[in-house]
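Peer 1: Okay, here's what each chain looks like letter by letter:
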Amino acid sequence: MVIEAQRNAKIKGEEFTTLPKDLYIPPDALEVYLEAFEGPLDLLLYLIRKHNLDILDIPMADLTRQYVQYVEKMRAIKLELAADYLLMSAMLIEIKSRMLLPKPAEIAEEDDPRAELVRRLMEYEAIKLAAQRLDEMPKVGDGISVASAYFEQISLVKPPEVSLVDLTEAWRNVLKRASHFQHHKVGRAELSVREHMSLILRRLQSARMLEFTELFDIAHDGIPKLVVCFLAILELAREGLLRITQQQAFSPIYVQINSDE
Amino acid sequence: MSEASNIRELKNVLEAALLTSHQPLSLDDMLRLFTERMERATLRMLLDELKQDWAERTMELVQVASGYRFQAREKYTTYLMRLHPEKQVKYSRAVMETLAIIAYRQPVTRGDIEEIRGVAVNPNVMRQLQERDWVDVVGQREVPGRPSLYATTKHFLNDFNLRSLDELPAMEVFVQPGA
Amino acid sequence: MSEASNIRELKNVLEAALLTSHQPLSLDDMLRLFTERMERATLRMLLDELKQDWAERTMELVQVASGYRFQAREKYTTYLMRLHPEKQVKYSRAVMETLAIIAYRQPVTRGDIEEIRGVAVNPNVMRQLQERDWVDVVGQREVPGRPSLYATTKHFLNDFNLRSLDELPAMEVFVQPGA
Numbered sequence: 001m002v003i004e005a006q007r008n009a010k011i012k013g014e015e016f017t018t019l020p021k022d023l024y025i026p027p028d029a030l031e032v033y034l035e036a037f038e039g040p041l042d043l044l045l046y047l048i049r050k051h052n053l054d055i056l057d058i059p060m061a062d063l064t065r066q067y068v069q070y071v072e073k074m075r076a077i078k079l080e081l082a083a084d085y086l087l088m089s090a091m092l093i094e095i096k097s098r099m100l101l102p103k104p105a106e107i108a109e110e111d112d113p114r115a116e117l118v119r120r121l122m123e124y125e126a127i128k129l130a131a132q133r134l135d136e137m138p139k140v141g142d143g144i145s146v147a148s149a150y151f152e153q154i155s156l157v158k159p160p161e162v163s164l165v166d167l168t169e170a171w172r173n174v175l176k177r178a179s180h181f182q183h184h185k186v187g188r189a190e191l192s193v194r195e196h197m198s199l200i201l202r203r204l205q206s207a208r209m210l211e212f213t214e215l216f217d218i219a220h221d222g223i224p225k226l227v228v229c230f231l232a233i234l235e236l237a238r239e240g241l242l243r244i245t246q247q248q249a250f251s252p253i254y255v256q257i258n259s260d261e
Numbered sequence: 262m263s264e265a266s267n268i269r270e271l272k273n274v275l276e277a278a279l280l281t282s283h284q285p286l287s288l289d290d291m292l293r294l295f296t297e298r299m300e301r302a303t304l305r306m307l308l309d310e311l312k313q314d315w316a317e318r319t320m321e322l323v324q325v326a327s328g329y330r331f332q333a334r335e336k337y338t339t340y341l342m343r344l345h346p347e348k349q350v351k352y353s354r355a356v357m358e359t360l361a362i363i364a365y366r367q368p369v370t371r372g373d374i375e376e377i378r379g380v381a382v383n384p385n386v387m388r389q390l391q392e393r394d395w396v397d398v399v400g401q402r403e404v405p406g407r408p409s410l411y412a413t414t415k416h417f418l419n420d421f422n423l424r425s426l427d428e429l430p431a432m433e434v435f436v437q438p439g440a
Numbered sequence: 441m442s443e444a445s446n447i448r449e450l451k452n453v454l455e456a457a458l459l460t461s462h463q464p465l466s467l468d469d470m471l472r473l474f475t476e477r478m479e480r481a482t483l484r485m486l487l488d489e490l491k492q493d494w495a496e497r498t499m500e501l502v503q504v505a506s507g508y509r510f511q512a513r514e515k516y517t518t519y520l521m522r523l524h525p526e527k528q529v530k531y532s533r534a535v536m537e538t539l540a541i542i543a544y545r546q547p548v549t550r551g552d553i554e555e556i557r558g559v560a561v562n563p564n565v566m567r568q569l570q571e572r573d574w575v576d577v578v579g580q581r582e583v584p585g586r587p588s589l590y591a592t593t594k595h596f597l598n599d600f601n602l603r604s605l606d607e608l609p610a611m612e613v614f615v616q617p618g619a
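Chains as they are written, first to last, in my numbering: chain A, 1 to 261; chain B, 262 to 440; chain C, 441 to 619.
For reference, chain A alone in the conformation it holds in the complex:
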């Protein structure tokens, strides 16, 4: 066995310095130790590096024997770990047995039964080293601190855009669902009346009481508007929102907000 002689073989990656020097692993340490391997390829690489084997001419018999010994130990302790490792055992044994077969003299190098294993080991080692490099690189939050000074945000929320189409669509939806409005038509005239109802209420909010004639702007409004205004007053009165009073015949008529007092 070469194990003793090679026990100080340098392996990339520091975690290996803590590994046992030979195949003997104290049983209670094995579990911790196995955590260090990322899988069968990692274990194989470890064995190859540890024994300073030539990856392009792997002595399959040695490697397979050592690998199987490890896996047996693993099986003894941590069964669920074994699946991927067992598959590799089978593959190693298969490669070894194919190498025992007599080969034709003109065999090409790529027909070496080890070729695929070697390719995978090299690919995995390259990735393993790349992973170490990535891990060591300074990263934002781990070695790189990015400027993030404060600035006062103006809490000026841009109000949503609403179009007339959105508004009428909303009204249409209301009407669709409110069945008791289905026969009702809101025409332009009615909208005018409704608008004037609001306007009159608004004026009476500040003035409390106004003379009836003050509610009409005879100088500026045309007849249709005066009529609408009159209808609005009547509608407000009908809804009990206004009180219209007159002390005596031909005296001024007053309009005020209806209040109970």
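Careful, some of the hints might be misleading.
Rough simulated footprint, nothing fancy, chain A against chain B, three-plus residues with beta-carbon under 8 Å [what the hints assert, rightly or not]:
#1 308 to 316
#2 329 to 337
#3 362 to 376
#4 402 to 412
#5 415 to 426
Straight line, CA to CA, 25 Å or less: simulated PhoX-like cross-link-like pairs of lysine-lysine [said to hold, decoys possible]:
#6 K491(C) / K272(B)
#7 K312(B) / K451(C)
#8 K451(C) / K336(B)
#9 K312(B) / K491(C)
#10 K515(C) / K312(B)
#11 K336(B) / K491(C)
#12 K96(A) / K73(A)
#13 K351(B) / K176(A)
#14 K139(A) / K515(C)
#15 K530(C) / K491(C)
#16 K530(C) / K139(A)
#17 K491(C) / K139(A)
#18 K272(B) / K515(C)
#19 K451(C) / K272(B)
#20 K594(C) / K176(A)
Selected chain B positions facing chain A (Cβ under 7 Å, derived; list incomplete) [to be verified]:
#21 H283
#22 S287
#23 L288
#24 L292
#25 L304
#26 V399
#27 L429
#28 P430
Hints in this document: simulated from the structure, not taken from any laboratory.
Cβ atoms here follow ideal geometry from the backbone N, Cα and C, with glycine treated the same way.
Since chain A is already given, all that's left is putting chains B and C on it; use the hints.
Peer 2: Chains B and C only, in chain A's frame:
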């Protein structure tokens, strides 16, 4: 021999820490930057100097409740806000329908709106419409509880580009067959 | 008459924006700072000057995949790490190896990763990489089962201080002992 051997270097460490920190840094935080013991008075002195160094520059070293931070001077706010345009939120269906009801049926009380929509009016909905200055209270209905009467405002007409409410599309209701 | 009328003022606006932005700012982002039209060449020139202005100072103006950012010079790292010693996330070898495979061999499926590493991919590993926004699904491979294809994100490049994938360290080839 200290790590950061002179005042310039000490201030630089503080500057780098304050410019890269997401939160204000307390004096205790900043003392942790240095392995060597530093008096709080020394730290305060350094911060004062740092503040002076930045007096004419883009950032301002300010002290807030939880510590110190660098913040962009107010004059840059207008520019910086352009990087963070507020997302336009959309009004909920409840808001739009409530607005439509007030526009077409004004003046109405909250009770009227609830009756038409068949659901309670969320106070938040009325608040949004009033904050937008599209709706306001024009009176009270003289019934128990004296509920407020809501109507649309001039501002509403302006925003919708209307001269008066009768420019709102007249809504012909589709009478459902058999309804 | 422009808002920011001279080069000093324009650079100040850029400085304020870059010092307060949590993400790198692209040229397009920075053009949005100004209401007036600015040529990209002018902006680049201003950024060059700004970089020069900070050449001897605590922060460094760097360019990464999604744009420009200020970051503390390396010499301050030792100090700054002391502020948040608990926050340094260390990823397992499985996570870093998976990331390396995705970074160097992208786009790859989970099957590809398993093939290279020789072990099953723990779903938790992919989740960690996706949550960190270093890795993302970019499509499906058109084979039975349509497995997801994973690739690294711009955010990965930003976090690793890279402008593009070709700035990744070159892969080392297995060196034969005594070869």
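Peer 1: Please go over all the hints and tell whether each is borne out by the structure.
Peer 2: Going down the list of hints, with the structure as the test:
no., hint, result
1, 308 to 316, "violated (count 0)"
2, 329 to 337, "holds (count 6)"
3, 362 to 376, "holds (count 6)"
4, 402 to 412, "holds (count 5)"
5, 415 to 426, "holds (count 6)"
6, K491(C) / K272(B), "holds, 20 Å"
7, K312(B) / K451(C), "holds, 21 Å"
8, K451(C) / K336(B), "holds, 14 Å"
9, K312(B) / K491(C), "holds, 22 Å"
10, K515(C) / K312(B), "holds, 22 Å"
11, K336(B) / K491(C), "holds, 22 Å"
12, K96(A) / K73(A), "holds, 21 Å"
13, K351(B) / K176(A), "holds, 22 Å"
14, K139(A) / K515(C), "holds, 15 Å"
15, K530(C) / K491(C), "violated, 32 Å"
16, K530(C) / K139(A), "holds, 11 Å"
17, K491(C) / K139(A), "holds, 21 Å"
18, K272(B) / K515(C), "holds, 14 Å"
19, K451(C) / K272(B), "holds, 23 Å"
20, K594(C) / K176(A), "violated, 49 Å"
21, H283, "holds, 5 Å"
22, S287, "violated, 15 Å"
23, L288, "violated, 18 Å"
24, L292, "violated, 18 Å"
25, L304, "violated, 20 Å"
26, V399, "holds, 4 Å"
27, L429, "holds, 6 Å"
28, P430, "holds, 5 Å"
In summary, the structure is inconsistent with hints 1, 15, 20, 22, 23, 24, 25 from the numbered list given earlier, while agreeing with the others.
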